[in-house]
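Protein chains in written order, with our numbering: chain A, 1 to 350; chain B, 1 to 350.
These aren't lab readings, by the way, just hints derived from the structure by calculation. One thing to keep in mind: the hints can contain errors.
Note that identical chains are pooled: a pair holds if it fits in a single copy or bridges any two copies.
[To be verified] Cross-link-like lysine-lysine pairs, in silico, DSS-like; alpha carbons within 30 angstroms at most:
(1) LYS75 <-> LYS20
(2) LYS159 <-> LYS321
(3) LYS225 <-> LYS9
(4) LYS5 <-> LYS100
Protein chains: 2
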Amino acid sequence: MNWEKNVRKVEPYIPGEQPKRQNIIKLNTNECPYPPAPGVKAALERIQYENFRLYPDANITELSSELAKYYHVNKEQVFVGVGSDDVLAMAFLTFFNSDKPVLFPDITYAFYDVWAELYGIPYKQIPLTDDFTIKSEDYFGENGGIVITNPNAPTGIYKEIGEIEEIIKANPDVVVIVDEAYVDFGGQSCIPLVEKYDNLLVVQTFSKSRSMAGMRIGFAVGQEKIIGYLQDAKFSFNSYTMNQPALAVGVESVRDDAYFKETVGKIINTRERMKVEFKKLGFEMTDSMTNFLFVTHPKVAAADIFNAAREEGIFLRYWNKPRINNYLRITIGTDEEMDTLIDFLKKYLA
Amino acid sequence: MNWEKNVRKVEPYIPGEQPKRQNIIKLNTNECPYPPAPGVKAALERIQYENFRLYPDANITELSSELAKYYHVNKEQVFVGVGSDDVLAMAFLTFFNSDKPVLFPDITYAFYDVWAELYGIPYKQIPLTDDFTIKSEDYFGENGGIVITNPNAPTGIYKEIGEIEEIIKANPDVVVIVDEAYVDFGGQSCIPLVEKYDNLLVVQTFSKSRSMAGMRIGFAVGQEKIIGYLQDAKFSFNSYTMNQPALAVGVESVRDDAYFKETVGKIINTRERMKVEFKKLGFEMTDSMTNFLFVTHPKVAAADIFNAAREEGIFLRYWNKPRINNYLRITIGTDEEMDTLIDFLKKYLA
Numbered sequence: 001m002n003w004e005k006n007v008r009k010v011e012p013y014i015p016g017e018q019p020k021r022q023n024i025i026k027l028n029t030n031e032c033p034y035p036p037a038p039g040v041k042a043a044l045e046r047i048q049y050e051n052f053r054l055y056p057d058a059n060i061t062e063l064s065s066e067l068a069k070y071y072h073v074n075k076e077q078v079f080v081g082v083g084s085d086d087v088l089a090m091a092f093l094t095f096f097n098s099d100k101p102v103l104f105p106d107i108t109y110a111f112y113d114v115w116a117e118l119y120g121i122p123y124k125q126i127p128l129t130d131d132f133t134i135k136s137e138d139y140f141g142e143n144g145g146i147v148i149t150n151p152n153a154p155t156g157i158y159k160e161i162g163e164i165e166e167i168i169k170a171n172p173d174v175v176v177i178v179d180e181a182y183v184d185f186g187g188q189s190c191i192p193l194v195e196k197y198d199n200l201l202v203v204q205t206f207s208k209s210r211s212m213a214g215m216r217i218g219f220a221v222g223q224e225k226i227i228g229y230l231q232d233a234k235f236s237f238n239s240y241t242m243n244q245p246a247l248a249v250g251v252e253s254v255r256d257d258a259y260f261k262e263t264v265g266k267i268i269n270t271r272e273r274m275k276v277e278f279k280k281l282g283f284e285m286t287d288s289m290t291n292f293l294f295v296t297h298p299k300v301a302a303a304d305i306f307n308a309a310r311e312e313g314i315f316l317r318y319w320n321k322p323r324i325n326n327y328l329r330i331t332i333g334t335d336e337e338m339d340t341l342i343d344f345l346k347k348y349l350a
Numbered sequence: 001m002n003w004e005k006n007v008r009k010v011e012p013y014i015p016g017e018q019p020k021r022q023n024i025i026k027l028n029t030n031e032c033p034y035p036p037a038p039g040v041k042a043a044l045e046r047i048q049y050e051n052f053r054l055y056p057d058a059n060i061t062e063l064s065s066e067l068a069k070y071y072h073v074n075k076e077q078v079f080v081g082v083g084s085d086d087v088l089a090m091a092f093l094t095f096f097n098s099d100k101p102v103l104f105p106d107i108t109y110a111f112y113d114v115w116a117e118l119y120g121i122p123y124k125q126i127p128l129t130d131d132f133t134i135k136s137e138d139y140f141g142e143n144g145g146i147v148i149t150n151p152n153a154p155t156g157i158y159k160e161i162g163e164i165e166e167i168i169k170a171n172p173d174v175v176v177i178v179d180e181a182y183v184d185f186g187g188q189s190c191i192p193l194v195e196k197y198d199n200l201l202v203v204q205t206f207s208k209s210r211s212m213a214g215m216r217i218g219f220a221v222g223q224e225k226i227i228g229y230l231q232d233a234k235f236s237f238n239s240y241t242m243n244q245p246a247l248a249v250g251v252e253s254v255r256d257d258a259y260f261k262e263t264v265g266k267i268i269n270t271r272e273r274m275k276v277e278f279k280k281l282g283f284e285m286t287d288s289m290t291n292f293l294f295v296t297h298p299k300v301a302a303a304d305i306f307n308a309a310r311e312e313g314i315f316l317r318y319w320n321k322p323r324i325n326n327y328l329r330i331t332i333g334t335d336e337e338m339d340t341l342i343d344f345l346k347k348y349l350a
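Model the full assembly from the supplied sequences, consistent with the hints where possible.
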């Protein structure tokens, strides 16, 4: 059993619960309540199962080209992976090989420290301010790389693109990853900045705003050189990561911009309405620019609300972690789902 | 531009050419010439695009259970990944963390040294004998892990399971990976040995014998402990690797064993017939137990045959590498495709 001493032992990330129960309201994993674009349905119907016998396009030509067109960059500036987790994990492996610590906030996407541990990358978690904002100056010192989620999760707070640019500009000698998983819900993307900064890698996902968590599609945009390094690493890990259906439906999602904007618009409207409703119920919250709210109640413990809602079949997200253990992250569902939640909370808090 | 000095620079694996031309005979990447099981078509048609908005089952419950049933193990003994490359890359990362070199043959699947380089794992390539066989004794010394492809690629040579067991038994302190990408074409799997050896990890793929290279499904079988470590690493890398269509169609492929055996049987028959035909043309070859032949001609250079066939729209695989630079790897296609190849060779060699 000596082989066990050479096992890379890790504390795995624990994803949000995926309950098997029917008729629940699932507001715990930031999925989109609306289906993908109609073109996705058509693309799915066009798939020929006979072709599954052939390898997919390792170069992801069509999907990369479509994304490039959408974001006004070249195809060689786009890297596609199995969800943004795959893209980010590959970026950590490729770019963070310094002895100096990689910097990211203490409260942010919980996978960053897991990847750093997995690859043995030194890292330093920089505390957010008391109101959960990222202080730019904290990222101006010596470091081995920077990861900023914008808007940040689970706080939902958006940092102005000018402030992000200051961080990128102050760190020309390391790669700065801007994780924009939630940027479509009202933020401004840093993608236009890649033209100016060769050390910038912007990562996005189809899982939230494009309603395709189930298809596992994420991507990164950067200058050709930084994307080239990422491609080399990917081709050293697994040449064929994206299967045929993912490639086929991904393209159609990007093509239907009207549907995309409509879906995102509906979620923003519901979110803003919910901010008002939650305040009426006494909740305090950040000014979320994402598809979730990050709320706390001055009188009732978040864990209690979480458990009570769960018993009603309403799943929210709660972390028993320092600084945020009295907060709930609540995904924006349909208006109907959110109204059911509000009705429950009204009764529960009464 | 100093960020470049901390980039993990790698020499990526170059997959076989995927020509865009129509009406070609593609015998260069070991794809199956027959479509997947009919149940795969039905499963594809049942997929609801609306559900793409939800995350897939991170625990891959149904597919793991189906594979477990098929191989007479428990669900907790099965690990599923994005093709066997994903499974193997994850296994290298998880189990090969010793200062001693990981051992594998000098002529074998060309990704092993790429993964070792990617992760900074020391490794030693053990020369095959002059007739391309793996000498068991070469793997009895001190090492940091062992990878054996059985049947080996691109040689096609199968090593008796008893000999593989000797290697596993001689190395209780390291993990022994047996890569069985081609085992369904006439070999015997080591999966029954996992009961006896906690250091054994058997890896297989849906890409060849199950006609689903385009869906990216691979898996590993081992004792619960070794699979558990692999799951922890996977959940530290990307919780949701398998998208909804892959999970849905994978299950149906495993369920239809009659179709599977029929497809594999057809390929074996064609392969054996081809061995006779190639010998008639003066070729020498290994006794392949895979879905490809590994051939050389005493009078005509492999590179010349490769190029001439390519001009006729027949794609074969050739590596300009020491020891095998006068060999061709030829995937077994349909009988019709193979007869076209034989007709071409008859004319070309005349």
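Each hint tested on the structure:
1. LYS75 <-> LYS20: between (40 angstroms within a copy, 18 angstroms between copies)
2. LYS159 <-> LYS321: Close inside one copy (23 angstroms), not across copies (52 angstroms); limit 30 angstroms.
3. LYS225 <-> LYS9: between (33 angstroms within a copy, 12 angstroms between copies)
4. LYS5 <-> LYS100: Both, since 27 angstroms and 13 angstroms are each at most 30 angstroms.
Checked against the numbered hints above, the structure violates none of them.
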